[in-house]
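Student: Which chain is which? The protein sequence lines are B and X, in order.
Residue numbers for the first sequence follow the numbering used here, beginning at 1 and rising by one.
Residue numbers for the second sequence follow the numbering used here, beginning at 1 and rising by one.
Honestly, the hints are just simulated from the structure, not real lab data.
Hints may contain errors.
[Claimed, not checked] Computed footprint of chain B on chain X; a stretch qualifies when at least three of its residues, placed anywhere within it, have a C-beta under 8 Å from a C-beta of chain B:
| # | stretch |
| --- | --- |
| 1 | 139-149 |
| 2 | 169-182 |
| 3 | 222-234 |
| 4 | 244-256 |
| 5 | 298-310 |
Glycine residues also receive a C-beta, built at the ideal position from the N, C-alpha and C atoms.
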Amino acid sequence: MQALARLAVESAQRGGASYADARLERIWVEELLVRNGELALASAREECGIGIVVRIGGARGFAALPLSGAGDRAAVFAAVQRALALARALGGDWGRGAEFAPEPGHQGEFRTPLLVDPFQVPLAERIDLLRAAERRLEGRSEVVVREAALSLRREQRWQASSEGLDVQQELTRTGAGLAATASDAGQCERRSYPASFGGDFAGRGWEHVTEMDLCAHGERVRDEAIALCRAPACPAGRRDLILMGNQLMLQIHESVGHPTELDRALGAERDLAGGSFAQPAMLGQLRYASEQVNLLADSTAAGGLDTRGWDDEGVASGSWPIVERGRFVGYHTSREWAGAIGEQRSRGAARAESWYHPPIVRITNLSLLPGSWKLEELIADTQDAVLCDTVKTWSIDQQRVNFQFTTELGWEIKNGARTRLLRSPTYQGRTLDFWNSCDAVCDASHWKLWGVPNCGKGNPMQIAEMSHGAAPARFRRVNFVS
Amino acid sequence: MELLAREQALEIAAALVRESRAEECEATLEHAAERFVRFAGGGPTQNADRSRFEFAVRVRLDGGKGLQEARASVAGSTLQDGRRALARAMELARFAPPNPELLELGGAVQLRESLAAPACLQHAFAEKAAWVRAALQAASAAQLEPAGLIQSSAQARAIVNSRGRAVYGQSSRHSFALSVSGGGGAGTAQASGAGPEHVEHAAVIARAVDKGVRSRDPLPIEPGEYTVVLEPLAVSAVLLFCAYQGFGAREVEERSSFLCGREGQPIWPASLSIVDDPANPLMPALGFDGEGTPRQRTVLVERGRLCGPVTDRQHANKRGQASSGHAQPQPSGLGPMPQNMVVARGEASLQQLVAGVERGLLISQFHYTNAIDPKELLLTGMTRNGTFLIEDGRVGRAVTNLRFTQSLIEALAGLDGVGREAEVAGALFDGEIVTPPLRLARFRFTSATDF
């Protein structure tokens with residue numbers, strides 16, 4: 001397949017391209033869902049294809065076609081011809097440069113480190129685990145939906161470019177989780193473990209699933225779903241907020257990750273996803289958050305969903321600060337956009353959903369670095385707050401300023417202690433006010449990397465995956481709405 | 001773009017079904033082709049000329065205690081690709097627990113013919129580039145920053161099963177969308193149809209630029225309860241949640257739907273009627289669902305009264321009905337849902353809807369709408385791309401954006417005006433509906449922005 005990638009690049013150059021890169025990918029996805037005692041979903045998908053970018057003058061063209069295998073030279077040539085024809089049809093007199101920020105032509109291999117290859121775990125063992133976990137949700141008539149899910153994805157990719165890029169990667173991700181939905185007292189509430197929307201995902205092997213110990217959490221999840229139906233709704237008003245990691249990760253994603261994608265900031269996403277308040281002129285100046293807040297982008301983070309050797313423009317992975325001691329200091333960039341803010345190299349954040357999609361700027365693994373608090377000390381130090389756990393729903397405006405998030409569960413904190421369960425806590429805020437109100441972050445013993453497997457961006461929309469590490473943190477005087 | 005032809009697709013799918021040794025087998029062969037150019041101020045940003053196949057196979061094995069079902073797919077179109085998918089599906093099904101509730105696959109059906117529009121398949125990149133240039137020039141002339149997408153896509157799908165079902169259809173969609181921003185304002189317009197001949201590209205440019213100009217220098221506004229006139233893009237962003245989270249039989253069965261306890265009741269004014277109509281000429285669709293069942297025109301709301309949910313074969317059987325043809329490809333983690341909702345038109349022009357408002361807001365679009373409580377259709381989201389104050393029946397100055405937190409059940413109870421011009425409108429989280437503008441007496445905005 002690597003030879004086919006090189007052939008595509010050579011063919012494009014012979015056809016007149018001043019630049020070309022080819023990305024061949026073979027993808028396997030396997031999904032299992034046990035739902036109310038049935039195997040509601042047993043699905044396997046396999047695909048293979050080529051995506052090729054060419055540049056002629058000031059225009060780029062992208063084409064993608066399926067490949068039947070390593071011998072499918074005809075599909076490669078056809079894709080190259082389509083990309084060349086597209087670039088020529090668009091023409092090169094648009095006024096916007098098509099040059100990429102420079103990057104050495106890397107060579108090498110990368111493979112997601114795995115203790116146990118999840119695709120090698122026998123199907124019977126995988127299904128048995130889900131059935132056992134789902135059975136732990138049984139036993140209460142109020143529970144109307146019981147679910148245990150497992151999702152595996154592997155990408156083998158072969159990349160080559162006219163600048164000497166010649167790399168192979170094998171990326172594997174594993175995700176699992178369980179959820180119970182209860183209907184009682186006129187309410188319908190869902191409780192999930194370890195995270196909502198299919199569970200938690202990581203760039204790891206089967207060990208990620210076994211460490212979750214799904215069965216051990218079944219009864220608690222079931223009982224909490226029922227208890228939430230009967231719990232009082234979280235009252236409106238201003239009080240402190242303690243966010244657990246499996247909600248804080250989405251807060252990071254939506255209110256730090258997306259605003260710091262450079263293509264958004266420069267207006268290229270305004271047709272669908274929107275823009276960003278975080279403008280290049282603010283870089284190095286803007287007080288994004290309090291001194292306690294340090295956010296690090298890291299496409300080398302162990303277990304990250306966006307941990308890889310090179311991005312889809314052939315840029316080597318690395319780490320860089322986005323917010324340092326509260327100050328806004330960095331963007332997610334690509335070779336296409338880095339030069340627009342005077343940066344000499346891309347940060348390596350260009351990614352496509354698959355061979356079928358052109359790369360766009362994406363959030364990589366972006367984490368809130370741990371602080372110094374223990375969670376119980378933080379609760380004991382808090383007089384009037386709600387502790388919010390697990391994403392339920394979310395919304396944020398097109399400039400990433402005004403957000404409103406609802407979590408599955410809230411615990412009222414009064415005078416340093418948890419007092420009662422609260423249903424659907426919904427907090428609303430403005431990004432800079434919110435992050436500047438953070439006065440405590442828990443320490444590394446509470447810190448965990450959480451996966452986001454469903455980030456939508458682009459037009460037509462593409463789905464990407466990344467991780468966000470977080471420990472629980474406290475935010476002062478947050479507005480809860482009902 | 002050329003699509004996989006009827007005879008070829010049905011023949012390959014049927015050949016695979018004949019080879020299968022499963023108790024039941026269903027083969028789905030799909031081809032999608034697409035050309036698009038996305039653009040911003042400096043010209044094209046992304047583009048693609050792309051094509052893909054999927055050969056999916058669903059098998060059922062009879063282990064004596066019920067059927068064991070699984071699905072596998074390979075991205076290819078040959079019989080060899082189908083064989084690989086079949087082998088993997090058989091392997092998965094052997095480990096699946098028996099499901100005694102599974103119905104046997106559906107038999108032969110009659111279908112209306114659906115074909116892709118030839119002009120959509122032929123729309124060239126040079127033509128797309130010309131419209132991109134026109135959009136850039138118009139935006140530049142008005143000192144606005146543009147961003148948009150011009151796209152032509154088509155699909156062909158064949159489903160053949162071992163009970164004699166064999167269906168094939170095509171669909172196509174050409175769309176053009178332009179958003180503009182500058183001077184504190186923003187505007188958007190979009191149009192789509194089966195082919196480029198149904199899309200008035202110049203009108204899209206004119207509408208987006210006009211709105212962008214009129215929405216400059218917005219005035220600050222306090223959150224609170226307002227009468228609103230929702231343009232189609234705003235209507236779609238909230239009404240699509242009825243499709244995602246309530247108009248499907250699975251949500252009703254599992255008691256998470258807003259229909260629970262309200263089915264058959266007239267909860268909204270008689271001026272509101274909604275159907276799911278796959279044959280609507282503004283939003284053409286394949287004539288069959290993921291099981292190959294013909295999609296039926298299904299009444300969802302009749303003169304304000306909530307009607308039954310849409311179904312697939314499994315859920316229809318539980319309700320003692322025939323399937324309405326709204327299945328996902330099976331098996332699926334999702335239940336049936338409407339995909340072609342059409343809101344019945346009223347008699348008022350947009351100007352007349354506005355004229356009936358003493359003080360309120362004209363909303364162009366909602367952004368990032370999401371559901372807080374599906375049973376009450378409690379939604380939140382932001383205004384976007386042009387929000388205007390209405391005073392004494394006239395559209396006035398633009399105002400800054402607002403966040404709403406509002407039950408759609410309650411908001412639609414205050415429906416007091418339905419527009420007469422309907423159009424296709426989409427939303428951030430996928431899906432489109434056909435709808436006219438609506439006027440709602442009360443809509444609750446809970447926070448504001450300064451832009």
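Student: Each hint: holds or not?
Tutor: Tested hints:
1. 139-149: holds (count 4)
2. 169-182: holds (count 4)
3. 222-234: violated (count 0)
4. 244-256: holds (count 3)
5. 298-310: violated (count 0)
Against the hints set out earlier in the document, violations occur for numbers 3 and 5.
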